[in-house]
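**Q** Take a look at the letters that make up each chain.
There are 2 protein chains.
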Amino acid sequence: MNVSDAIKYKRAVRQFQDKPLPRDVILAILDAGRRSQSSKNTQPWDFIVIQDKVTLKALSNLGTYAGHLAGAALGVAVITPSPEQRFSIMFDAGQAAAYMQLAAWELGIGSCLATIYEPEKARQLLGFPEDLFIRIAISFGYPLQDDQFDSPPVKGGRRSFEEVVHWERW
Amino acid sequence: MNVSDAIKYKRAVRQFQDKPLPRDVILAILDAGRRSQSSKNTQPWDFIVIQDKVTLKALSNLGTYAGHLAGAALGVAVITPSPEQRFSIMFDAGQAAAYMQLAAWELGIGSCLATIYEPEKARQLLGFPEDLFIRIAISFGYPLQDDQFDSPPVKGGRRSFEEVVHWERW
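Here the protein sequences come in this chain order: A and B.
The first sequence begins at 1 in the working numbering and counts up one residue at a time.
The second sequence begins at 1 in the working numbering and counts up one residue at a time.
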């Protein structure tokens with residue numbers, strides 16, 4: 001799958017088949033995130049990889065729209081330093097997440113971001129150190145609907161090109 | 001170019017040929033950013049597209065490692081709401097930037113991020129509203145070195161997989 005098609009057709013997938021991901025697929029997704037660029041190559045991320053259904057269910061209860069994690073074959077918790085330290089931390093986490101989600105899409109795996117609003121409970125669940133932070137977890141799995149990879153993009157799902165793009169000056 | 005190769009081989013390109021980008025290429029890069037996903041589909045970004053050499057040179061002086069903007073064929077200033085409003089703004093900007101840079105790479109265009117440390121001067125230069133914010137601009141252009149697209153990844157450029165990835169719990 002070429003890059004432009006991945007970007008054009010990729011959509012959020014929130015319902016997954018009850019089917020585990022092959023280990024090489026999991027490794028490829030994680031490695032895409034690991035390879036991502038970052039400010040001054042600080043690589044401000046760790047990934048906690050969750051396949052245990054009990055943990056996924058518990059994590060899914062720690063965000064408002066995080067329910068899809070409960071049905072995921074794989075959850076990846078994106079752990080970073082506190083984003084209050086510098087603006088680049090969440091920017092870099094966003095780049096790494098985009099890499100993982102695009103790499104997954106090419107491999108036939110859907111995904112969706114979840115926002116974790118209860119970081120202290122997530123810390124207890126996942127055991128990461130007190131000086132680190134969680135805001136984002138990502139669900140991955142085979143889409144329940146198998147027409148996800150060649151459906152056209154939803155019309156009107158984004159602001160228009162003319163609204164977003166300014167030439168030379170605002 | 002498939003997604004995994006783009007992710008594997010993409011590298012920061014800071015030196016560019018003195019050659020403009022075709023308009024359809026510019027539109028494709030910008031559209032990749034526009035299509036990116038965002039928290040609750042807020043699309044917290046505007047893109048100011050700069051091809052004027054005087055403006056590029058001026059912008060390149062507003063960040064510590066931003067010099068590469070002066071030689072770019074195209075600069076894209078990523079304008080967002082204040083990132084202090086919510087953590088997702090810079091995360092979403094990171095996703096959009098990753099999409100633009102990967103889309104460009106597939107089209108034979110190198111790119112590099114610049115951090116803008118003088119936002120007020122950038123505002124005067126680019127004319128965006130006071131309630132909006134700039135931290136990131138992206139240089140794009142044909143790489144000066146033409147072996148950039150098939151060079152192997154730099155060894156040791158990233159933390160090891162074992163260090164970054166934690167299984168089930170930290």
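Treat the hints with care, since some could be wrong.
Straight-line distance between alpha carbons at most 30 Å, and here's what the computed DSS-like set of lysine-lysine pairs gives [unchecked claim]: (1) B:Lys155 - A:Lys53; (2) A:Lys8 - A:Lys121; (3) B:Lys121 - B:Lys19; (4) A:Lys19 - A:Lys121; (5) B:Lys40 - A:Lys155; (6) B:Lys40 - B:Lys19; (7) A:Lys155 - B:Lys57; (8) A:Lys19 - B:Lys40; (9) A:Lys19 - B:Lys8; (10) A:Lys8 - B:Lys121; (11) B:Lys57 - A:Lys57; (12) B:Lys40 - A:Lys121; (13) A:Lys8 - B:Lys19; (14) B:Lys121 - A:Lys40; (15) B:Lys57 - B:Lys19; (16) A:Lys40 - B:Lys19.
If you are wondering where the hints come from, they were derived from the structure by calculation, not from laboratory data.
**Q** Flag every earlier hint the structure violates by its number, smallest first.
**A** 1, 2, 6, 7, 10, 11
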